[in-house]
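Asker: Take a look at the letters that make up each chain.
Number of protein chains: 2
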Amino acid sequence: MPQDVRFDLPFRTPVSAHLESAREHHLRWVWERGLVRSRAGFEEYRSWDLPEAAARTYPHASADDLVVLMNWFSLAFLFDDQFDTASPDRADRIAEVARELIATPLRPAGTAPRVVCPITVAWAEVWTHLSHGMSLAWRTRFAASWGRFLVAHTEEVDLAARGLAGTLGLAEYAEFRRRTVGIHHSIDAGERSRGFEVPPQVQAHELMVRMRDLAADTIGFMNDIHSFERERRRGDGHNLIAVLHRQRGSTWEEATAEAYRMTRDRLDEYLALEARVPRMCEELGLDAEQRVRVRMGVEAIQHWISGNYEWALTSGRYAAAKDGPAVTAELAGKGSLDDLLVV
Amino acid sequence: MPQDVRFDLPFRTPVSAHLESAREHHLRWVWERGLVRSRAGFEEYRSWDLPEAAARTYPHASADDLVVLMNWFSLAFLFDDQFDTASPDRADRIAEVARELIATPLRPAGTAPRVVCPITVAWAEVWTHLSHGMSLAWRTRFAASWGRFLVAHTEEVDLAARGLAGTLGLAEYAEFRRRTVGIHHSIDAGERSRGFEVPPQVQAHELMVRMRDLAADTIGFMNDIHSFERERRRGDGHNLIAVLHRQRGSTWEEATAEAYRMTRDRLDEYLALEARVPRMCEELGLDAEQRVRVRMGVEAIQHWISGNYEWALTSGRYAAAKDGPAVTAELAGKGSLDDLLVV
Chain A
1 MPQDVRFDLP FRTPVSAHLE SAREHHLRWV WERGLVRSRA GFEEYRSWDL PEAAARTYPH
61 ASADDLVVLM NWFSLAFLFD DQFDTASPDR ADRIAEVARE LIATPLRPAG TAPRVVCPIT
121 VAWAEVWTHL SHGMSLAWRT RFAASWGRFL VAHTEEVDLA ARGLAGTLGL AEYAEFRRRT
181 VGIHHSIDAG ERSRGFEVPP QVQAHELMVR MRDLAADTIG FMNDIHSFER ERRRGDGHNL
241 IAVLHRQRGS TWEEATAEAY RMTRDRLDEY LALEARVPRM CEELGLDAEQ RVRVRMGVEA
301 IQHWISGNYE WALTSGRYAA AKDGPAVTAE LAGKGSLDDL LVV
Chain B
1 MPQDVRFDLP FRTPVSAHLE SAREHHLRWV WERGLVRSRA GFEEYRSWDL PEAAARTYPH
61 ASADDLVVLM NWFSLAFLFD DQFDTASPDR ADRIAEVARE LIATPLRPAG TAPRVVCPIT
121 VAWAEVWTHL SHGMSLAWRT RFAASWGRFL VAHTEEVDLA ARGLAGTLGL AEYAEFRRRT
181 VGIHHSIDAG ERSRGFEVPP QVQAHELMVR MRDLAADTIG FMNDIHSFER ERRRGDGHNL
241 IAVLHRQRGS TWEEATAEAY RMTRDRLDEY LALEARVPRM CEELGLDAEQ RVRVRMGVEA
301 IQHWISGNYE WALTSGRYAA AKDGPAVTAE LAGKGSLDDL LVV
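Protein chains in written order, with the working numbering: chain A, 1 to 343; chain B, 1 to 343.
None of these hints come from the bench; they were simulated from the model.
Treat the hints with caution; some may be incorrect.
[As the list claims (entries may be wrong)] Computed spacing ranges between beta-carbons, pair by pair:
no., chain 1, residue 1, chain 2, residue 2, range
1, B, 136, A, 88, 29 to 35 Å
2, A, 251, B, 293, 51 to 57 Å
3, A, 343, B, 282, 51 to 57 Å
4, A, 31, B, 265, 50 to 56 Å
5, B, 136, A, 282, 21 to 27 Å
6, A, 38, B, 247, 16 to 22 Å
7, A, 136, B, 282, 21 to 27 Å
8, A, 10, B, 209, 34 to 40 Å
9, A, 293, B, 257, 45 to 51 Å
10, A, 261, B, 299, 48 to 54 Å
[Unchecked claim] Computed far set for chain A versus chain B, every beta-carbon distance over 10 Å:
no., residue
11, 48
12, 165
13, 285
14, 320
15, 333
Small disclaimer: the values here were computed from a predicted structure and weren't measured.
No residue lacks a Cβ here, since even glycine has one placed at the ideal position from N, Cα and C.
Use the sequences and the hints to build the structure in full.
Answerer: Rendered as structure tokens:
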């Protein structure tokens, strides 16, 4: 039962006090914006409880901002599921929508999308709020992090469309996973959620670059473990357990144990680097106010590692024992109940 | 004769000693990569003398790097001309290719393009060289600068396709011009051409952000003056002189004189800010080595203002008195002699 696999994390993060009120606003928004289009799609979406993920990963966001962050999660997760193995031609439309999503943060905030569908319209609206008050340097960093994730997502879909989803070797897969997990922009959004920015020379420092990569690896591998049953049901070979099982000829249990060890190694390496942050601040000659922003930047990473972990343990998205229309669709090779790439 | 309009610049920049040898390699590359496809297209392209522009704007590049920079110029300028007022449907293909060009720097270097045409294939090749040895922070900044330019280019084409090219007001046009001129990424490339990087806290500082914007305005307005005859011939209303002529009901001479004054104002404002750079370095507590990199960063801006100016005065691209196949095509509403958006 991989969704139950527990990790012993050395930090815990708070949960936003705005969770319940924000969830209600958010679910109304998802329906009104056409991000779910059927009753079954809505029920499936609600079972994932993304509002809890947002409330755990961005615990310090204001009530209004938390709704925006939930709205953002919804379009990103729902877009992630739009590929149907049953219709490989759909890969081109996914690539087109992904490129449009990349363009949005490069346009002046408030610009209407050029490729129109519920996902792109929702993202243009969310971006107007998400970018509000942030510097050019932050918007630049977010746009690139988000863009790298979306091009990797297109590569993932293209591999699936060509029947090559399960063919990457272990090293290649680990590198790929760092790009598809979408953590870099999620951490960037932590600054927006708390109204601060990490000093640019810190974001550019090799220690912080490496910490961000290791956090992405840790969360990506954890997610592969917790989502394993869902992905097996969907025939998705892009999963660390599946790669280890195939590459090493090990049993599913052995592969799961090895995936656990690999995750733990990345987390330990992350923690070892975290301990070096004070020395980096010294080396860069940061003042007290800048060090506060560095600390909050590190907390933004911790909130993501811990908050995502706590949410994944119980989210209906990754449930193994599950039935209903979503499972029927998945077994038929359909990525989602509702088509969100058409007007 | 706007191409002759002279500005008195307070700095001059050297010309690369590699110009002649690099030009030869470059022209062969342009032909081999199918970036020109007809004899007439080649002759027209050669008359622009982009190699001189590269040798003046990146005077410190190595011989090999200078060829790469010329190659980059060729695909950017040639892509810029791919819209035909005679075929407005072409706007969708231009947008698709632009989005693909945006995606390239977000992928691991060396990845093949997903939308294939001579422009995208050439850019993937150039990017592999252009990004070589540069930090994640630089690649992030370049990718966003480049992406902002390309989305603005698509907006420009979309306005033209809807017959709205000449409808922007003066303030709106000035803001738009800053985005369409493509100077931010051109200045970013200056760091690559000389093998250094401006410290990230300087790039993020409001003084540098403003200096980069003012350099973009100065070069954009100068370009509008020097390219005026070409753009009038092509029916392109996105030109400062044309906007002033229309908005103020002034004669062409008056509009040109006003455009000159506006350009001079932006340049003066840039120069006033440049004088504040030492104080910014003090404020940021930069050491001697970092100050050298800041100085080279300012020189990269100067090289662009001055180098682009010197080149534009004589480039065949902006010649007023001109005939031949390129002019015939322009008068017929065709943006270029060769279609570079198909395989």
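Asker: Determine which of the earlier numbered hints do not hold for this structure and return their numbers in increasing order.
Answerer: 6 and 13
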